[in-house]
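Student: These are the residues of each chain, in order.
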Amino acid sequence: MLAYLIFALTIGGIYALLALSLNLIWGGIGLVNLGLVGFFALGAYASALLTGAGLPVLFGWGGAIIVGAIAGLIVTLATTRLRDDYLAIVTLGLAEVIRLVALNERWLTNGSDGISGIQAPLKSALGNQGFNIFYLVLVSAVVLVVWLVLRRLDRSPYGRAMKAIREDQELAGFAGKNVLGFKVQAFAVSAAIAGLAGALYAHFQSYVSPDHFQPLITIYIFLAVAAGGVGRPAGGVLGAYVVVFFLELTRFLPDLVPALAPAQFAACREILVGVALILVLRFRPQGLLPEQILPAPKS
Amino acid sequence: MSALLAVRGLTLGFYGAQILRGVDFAIKEGTITGLIGPNGAGKSTLFNAISGLYRPSGGTVLLGEDDITGLKPHLLVRRGLVRTFQLARGFPKLSVFQHLMLYGLDQPGETLAAALLSSPASRKREQALSEKALETARRLRLGHVIDNPVTALSGGQKKLVEIGRALMADPKIILLDEPMAGVNPSLADEIAEHLIALNNGGITICLIEHDMALIKRLCDPVVVLAEGKTLVEGRFDEVAADAEVQEAYLGTRR
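Going down the list, the sequences are from chains A and B. With my numbering applied, the first sequence has no gaps in its numbers, which climb one by one up to 299 at the end. With my numbering applied, the second sequence has no gaps in its numbers, which climb one by one up to 1254 at the end.
Isolated chain B (complex conformation) (with noise of 0.2 angstroms):
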């Protein structure tokens, strides 16, 4: 299987600190790829650099064969690449219906005329999403709560409504931020089934987490990064047994 999602040397440095110091990894199609190391070693500014929201100061993003290097998050999205944010965000006054249908990409309602004049096209579209909301809604069971502002959901629900709302963009990849964190035992098994649900429907994941046990059981392979950089790859086990890694990441040697 061929590179989805390529990285090569990318670094990035804010007011002179480096963060990223040359980071290299590929994800491959299909793959749920691990994302793992300690707090500070880069995760998350390695997914705002590769997702559009800092710009790299080196180094490159390859999606497919093209080049994505520092290209705007909007545009990122209309080529399938999507992102769920650690803390999870949302538009506080838009409803759970509202914020699903505004991830479905091609959208003829969201140029003036088009909205203005009602096209059949743009209505064709709003209703081929809307049933699609709906549907997602249910499978997440968001179900009852979908005329809700997303402020008056619970911090569970909030999760779920970002993985909703990534799934309505159709993407070829997404790039979790800890989906499972902060939430109950039980919804982070039902995420990580909604995740492998997914990953069977042929959608790339790349997943940050710290529950070595959801890693364990999600993830092939698995990536560790440590201080900007790619400390190891391989399968968990591989990784887990890895002396470099048990070093930077759990500070022990045997």
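Extracted from the complex, chain A is given alone in its bound form (with noise of 0.2 angstroms):
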């Protein structure tokens, strides 16, 4: 029990860093992001790739993060144009691109069977036991700088830009943002840490292939930022956890109701989260942590 408590924390922390990710570029400049998933799987197997040929496990995290950021200038520089909806469907199309590659590019990725056998850092020295638990320790610690460093910025001059631009784009233009300039950083930064997310999950699990960068997890961190509250880094992080809690928890409840078989089960467990996201925006539609104003200094 106790593994399996520290295994969802894990999870929960890697899922706070894809929320973190998606509430800087959709909660704070506006841009929706269906492909985040793309992002996490390159972010995976940059590393897996990197430290396989080698090199030491830090370095593969550090690459993960630069093919994030490299894959998000990409994104953004190719569609200036684009906003809303078309930027989205954009993205959702380039995740599934990147799932594809994976699939089928044998020579780079192993296609479906994946790339098993990556470094678990001092798991020879640690144990089993001892290798989750410090590998918990280092996804919370890596949740909370994140967090930390996005609170700031959120709370500086650069987040009120950011949101102004979220707001009205055109409006912050005429007030002398550069509008372009903050999207393409903002969107790079935030396809960084989808990227070091996936790197830390590939060394967690050992194993990446196309089957674990579904669309559905996408859905999930937008769920647990929409939840938690678009637009304040506490409340991505918050929503995060809530969801992994709530989708590990449904697991057990085919013990509770034995008259559901349990491919049913599998069923009613996506509706119950559809279910839960609906209440959410029917009774908390700003989140469990809604955006604040800073008030003003006194004068």
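Source of the hints: derived by calculation from the structure; they are not laboratory data. Every residue, glycine too, gets a C-beta built ideally from N, C-alpha and C. Heads up, some of the hints might be wrong.
[What the hints assert, rightly or not] Listed below are the simulated DSS-like cross-link pairs for lysine-lysine, each with C-alpha atoms no more than 27 angstroms apart in a straight line: (1) A:K298 - B:K1132; (2) A:K298 - B:K1216; (3) B:K1093 - B:K1028; (4) B:K1093 - A:K298; (5) B:K1124 - B:K1093; (6) B:K1158 - A:K298.
[To be verified] Here are some chain A residues pointing at chain B (derived, C-beta under 8 angstroms): (7) G62; (8) G127; (9) D168; (10) Q185; (11) P297.
Got two chains here, separate frames each, mind docking them using the hints?
Tutor: Right under this line is the structure:
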């Protein structure tokens, strides 16, 4: 049970990083990135391949961040004229392209068999249980650091300009903001965080395959950010843990409702996730931790 | 006095419809220049073409000595040209204070590194802007709503926020698109007083307005636009006496 809890919290941390990534780009500057899982996959494969080629794990993680950021730059620069739904469609397609490349370019990614035996840092020294605890602490620390950084950004003049662009990008131009510049940077940083999350995931599982990067993950993260509070970094983090908790909790329900067959239950789980989202949006549309307006300093 | 903003032969069309057909006029430094004309004359379109929202299809716009034709809005703001909109616009979830802060130029805190490190330069600028924003809000009597999101303001207050944030950018010239439209007479009067005070402070203003009493009180000179061209330009009483203007604007001929 303890091992299971540690596992769930580690996955929760990785989802929290993805939620922070999405909250920066969606909650912060108003771009809908439906291809989040694509950047997650890029980071996972980048780190798996780099460390597979003999580089130390930290280099793999650094590489994942860089690959994510570069992919983010390419996407924004290729779609500068798109916004809203159109950008969302392009990013959705991009994530599928990444997954299909991973599936078909066997020379690089080993296709549907995936890459196994990815280095698990310090596992031989710590043992199985020790490694899991170490990794939970590590992931949680990364979440804490990224959260603090993004919270600081959120409250800075930079965050203020991003929110203005989110609200009305044309008017933000008339306020003297270089809208494209902000978008490109924010997208790159967001994609880099998703890449890092992917790398952490790859080295935790020791195995990645295209099946791990289904579009459903992006939907879960949107659910997390919407439930937690769009536009507030802490909201995304809370939402991610709540979503993972909810998903894991529903695994135990078959024992409580013996009338349902396991196969039926798998389908019911998705229904429950959908119902949860609808309930949150109906009764608390601003999320669990709503966006705040910082008060003006007293003169 | 020299021309601060000069428009020469400006043309602009949409889908084959020619809206601006060669607009020529100049705004002298230190004036409040009125821009009047019947509905559909192209006044707002002219503002849009000058301020970078639309790219003109022909002609030039000069700010001082510099050709600024077709520059993006954020670059124009940095050169000291600021505008407001006919329907007051704002960033719905941002407070009045945040609106004012946003319009401050030269913000070191708007680079990633400076924002994350909270550099001394960015903190100093933030402090200075914050004092200026509080002062501006006080002057416009927006002090009591400074932390409210702009969606929670009245129509008149939104107009005041438009003026306040234009001020935060330390402009050389402000293009005001009907700043008094839809506000009650006493607030319109208050806004007029603000405009006079700004102008006395050295800011050149170009004002689109339909209320002739306000135009008469505030503006010298007055430029008349009709059917996408400048018709006449001069002092208010000269312009008002012009037969062509009366025909274009008032639709009557003595």
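Student: Could you work out which earlier hints the structure fails to respect and list their numbers in ascending sequence?
Tutor: 2, 3, 7 and 8
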